[in-house]
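Participant: Given these sequences and hints, build the entire structure.
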Amino acid sequence: MNTNQLPYSKRLMFAYLAMLALFFVFNHQKRTQEARERAPITIELLPDGFSIDGKEVAFGMTMDEVRAILGKPRRFSGDRTFVYHGYALGFTDDMGVVYLDGIFLDRDNPNTTLLIDEYAFRYHGDYTLVGDQLAEIAHRHDGKVLESGALTMGNHYVLINPRKGSSNQIDTIFVFSWRMQPRAVTVELEADGFKVEERKVRFGMTKEAVIAVLGEPSRREEEEDNASHRFTYKNKFVLNFIDIEGQYLLKDVWLYAPFFSDSRGLFAELSINFTDSFDAMVAQLKSVDVAELSYFHESESGNVLIDFFDNGLMLLRNKEDQLDALSYGIKIERLYQPVHVHFTPDGFLYNDSVVSFGMNEAQVEAILGAPDKIATNDSVRYDYAGGGISLYFFDANQQVGSENMLKNIVIFNGQHTWSIEDNTFSFALTTQELVERLNGLRQISFDRSTSNGRELFRLYDHHLIVYEDPEQSAGRIAWVAYRTYPYTKE
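Mapping the sequence shown onto our numbering, position 178 (from 1) lands on 178, and the numbers just tick up by one.
Wrong hints could be hidden among the right ones.
Said to hold, decoys possible - Taking lysine-lysine pairs in the DSBU-like style, the calculated list, with each CA pair at most 30 Å apart, reads: (1) 207 - 331; (2) 234 - 207; (3) 319 - 286; (4) 200 - 286; (5) 236 - 200; (6) 234 - 331; (7) 234 - 55; (8) 236 - 319; (9) 195 - 251; (10) 373 - 331; (11) 207 - 195; (12) 195 - 234; (13) 251 - 373; (14) 251 - 236; (15) 373 - 319; (16) 319 - 331; (17) 234 - 319; (18) 236 - 207; (19) 319 - 251; (20) 286 - 331; (21) 55 - 72; (22) 234 - 200; (23) 331 - 251; (24) 195 - 286; (25) 234 - 72; (26) 207 - 286; (27) 331 - 200.
None of these hints come from the bench; they were simulated from the model.
Facilitator: This is the structure in structure tokens:
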């Protein structure tokens with residue numbers, strides 16, 4: 001029937017009935033959708049993933065693989081979270097590899113149950129029962145319950161976060177998640193940095209250069225007013241960057257006692273595992289004859305400092321006498337450009353800038369610029385090149401109101417060089433080699449050796465001092481100083 005031939009009133013009635021039918025269809029679909037969302041869902045946790053309505057999903061799957069099994073998500077949260085009816089799936093970007101690493105539910109999923117064996121966990125479930133249940137589950141699956149409330153089972157872990165009630169007492173479950181353990185990695189320590197899965201990272205790299213090698217970190221801490229920035233790579237390792245003359249450069253890498261990972265450090269063909277006895281590990285390191293390993297120092301807290309490839313390696317001990325953290329980093333001053341100091345009869349040239357003994361602080365700043373750090377004790381110390389070079393100012397007259405005058409310069413072991421006329425020296429020399437070369441110069445005369453590791457020479461009308469710390473670096477030069485003696489003032 002052609003409705004155009006009907007009277008206007010009947011055509012209007014048909015239009016109204018059609019709209020009413022569409023409304024009922026839409027309302028039915030909406031109620032069906034809401035009913036589906038309110039319908040209880042049971043998710044069974046499996047050793048390597050989980051099962052929903054007979055559909056098994058494994059951790060480590062790609063986004064496309066998950067969509068092929070579970071269908072299109074209800075919505076997306078951020079770049080790496082699929083939200084379905086009753087649960088959400090989290091994906092991780094692990095150094096460029098994106099894979100499924102967890103399923104979780106919270107207050108948006110009150111009708112979802114996560115099933116481990118015969119134990120069921122739900123949002124708003126009784127948290128007071130969780131402890132005993134987790135202990136039983138851990139016993140069955142050769143896992144353990146951590147102080148944080150987490151349960152490890154094989155290569156995965158369960159997190160059950162509590163909510164505190166009005167009386168500040170823990171009463172109900174707030175978040176429940178079943179997650180994949182991060183992939184373990186080996187961090188190989190090298191002379192100029194480290195290597196992760198054949199990806200080479202060097203100390204002194206910019207943040208952008210590091211990301212180009214390792215990919216985006218899982219967490220970035222980059223406050224503008226902070227002198228250091230931090231990248232975290234999926235609970236495996238942490239990179240710290242420091243502001244060097246307006247640019248953030250990589251200074252060290254940290255491996256922490258893994259929450260759920262067996263990542264390890266590897267250097268000098270030795271492996272450092274976080275499950276080993278701390279004392280046994282240190283004893284093994286001391287017994288190995290490796291030229292790059294030198295100077296072991298144990299602090300009062302039990303931590304051990306090691307000089308490795310002229311970088312700082314630190315092992316931190318926990319209460320159980322196991323390794324709590326490992327850090328490996330470059331000496332800060334080596335991130336600065338090398339400085340060459342040429343000793344002269346009146347003072348020295350600092351990268352061709354003329355500085356004379358007897359200058360006051362303002363005169364030195366006018367030539368070299370503001371120091372990186374100023375320290376005051378019996379003297380005033382100006383640190384340049386990140387602390388690799390220090391200038392000392394003393395009160396020449398020792399009178400109230402008198403000026404501090406430049407007395408000496410100290411160059412610490414590192415990349416800096418120094419020279420006397422046409423003879424250039426570096427810290428690549430051993431103490432003995434340097435002393436022999438100095439004794440062969442006509443401008444220098446040997447003065448004396450001291451009991452605390454100092455070799456004193458007379459250079460022009462001043463003192464040249466070579467210091468070796470026998471407790472820390474036997475055979476290596478710790479620092480070289482050039483100082484006026486006695487005090488001079490123009």
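Participant: Would you mind marking each hint as holding or not holding in the structure?
Facilitator: Hints and how they fare:
Pair hint residue 207 plus residue 331 holds up; C-alpha atoms about 18 Å apart against a cutoff of 30 Å. For the hint pairing residue 234 with residue 207, the CA-to-CA distance comes to about 17 Å; that is within 30 Å, so the pair holds. Between residue 319 and residue 286 the CA atoms are separated by roughly 22 Å; this keeps the pair inside 30 Å, and the hint holds. Between residue 200 and residue 286, the direct Cα distance comes to roughly 27 Å. Compliance with the 30 Å bound is thereby established for this hinted pair.
Simply put, residue 236 and residue 200 have alpha-carbon atoms about 16 Å apart, close enough for the 30 Å limit, and the pair holds. Restraint check for residue 234 and residue 331: the C-alpha separation of about 26 Å stays at or below 30 Å, so the hint holds. Of the supplied pair hints, the one linking residue 234 and residue 55 holds, its CA atoms being roughly 28 Å apart against a limit of 30 Å. With a C-alpha separation of about 21 Å, the suggested pair residue 236 and residue 319 falls inside the 30 Å cut-off, and the hint holds.
Proximity of residue 195 to residue 251 is assessed by CA-CA distance (about 15 Å); at most 30 Å being required, the pair is judged to hold. Annotation: proposed proximity of residue 373 to residue 331 holds, straight-line Cα distance about 16 Å (limit 30 Å). Taking the CA atoms of residue 207 and residue 195, the gap is near 16 Å; set against the 30 Å cutoff, the hint holds. Distance restraint check for residue 195 and residue 234: the Cα-Cα separation of roughly 16 Å lies within the 30 Å cut-off, and the hinted pair is therefore satisfied.
Only pairs whose Cα atoms come within 30 Å are accepted, and residue 251 paired with residue 373 is accepted, the gap being roughly 18 Å. Taking the CA atoms of residue 251 and residue 236, the gap is near 17 Å; set against the 30 Å cutoff, the hint holds. Restraint check for residue 373 and residue 319: not satisfied, since their Cα atoms lie roughly 36 Å apart, outside the 30 Å limit. Annotation: proposed proximity of residue 319 to residue 331 holds, straight-line Cα distance about 28 Å (limit 30 Å).
Distance restraint check for residue 234 and residue 319: the Cα-Cα separation of roughly 25 Å lies within the 30 Å cut-off, and the hinted pair is therefore satisfied. Under the criterion of a C-alpha separation no larger than 30 Å, the hint pairing residue 236 with residue 207 is consistent with the structure, at around 18 Å. Only pairs whose Cα atoms come within 30 Å are accepted, and residue 319 paired with residue 251 is accepted, the gap being roughly 28 Å. At roughly 22 Å between alpha-carbon atoms, residue 286 and residue 331 fall within 30 Å of each other, so this suggested pair holds.
Proposed proximity of residue 55 and residue 72 is supported: the alpha carbons are some 14 Å apart, at most 30 Å. For the given pair, residue 234 sits about 18 Å from residue 200 by alpha-carbon distance, which is consistent with the 30 Å threshold. The suggested pairing of residue 331 with residue 251 holds, with an alpha-carbon distance near 8 Å, which does not exceed 30 Å. With a C-alpha separation of about 24 Å, the suggested pair residue 195 and residue 286 falls inside the 30 Å cut-off, and the hint holds.
A threshold of 30 Å between alpha carbons decides the hint, and for residue 234 with residue 72 the separation of about 27 Å falls inside it, so the pair holds. Simply put, residue 207 and residue 286 have alpha-carbon atoms about 35 Å apart, too far for the 30 Å limit, and the pair is violated. For the hint pairing residue 331 with residue 200, the CA-to-CA distance comes to about 19 Å; that is within 30 Å, so the pair holds.
Of the numbered hints stated above, those contradicted by the structure are hints 15, 26, listed in ascending order.
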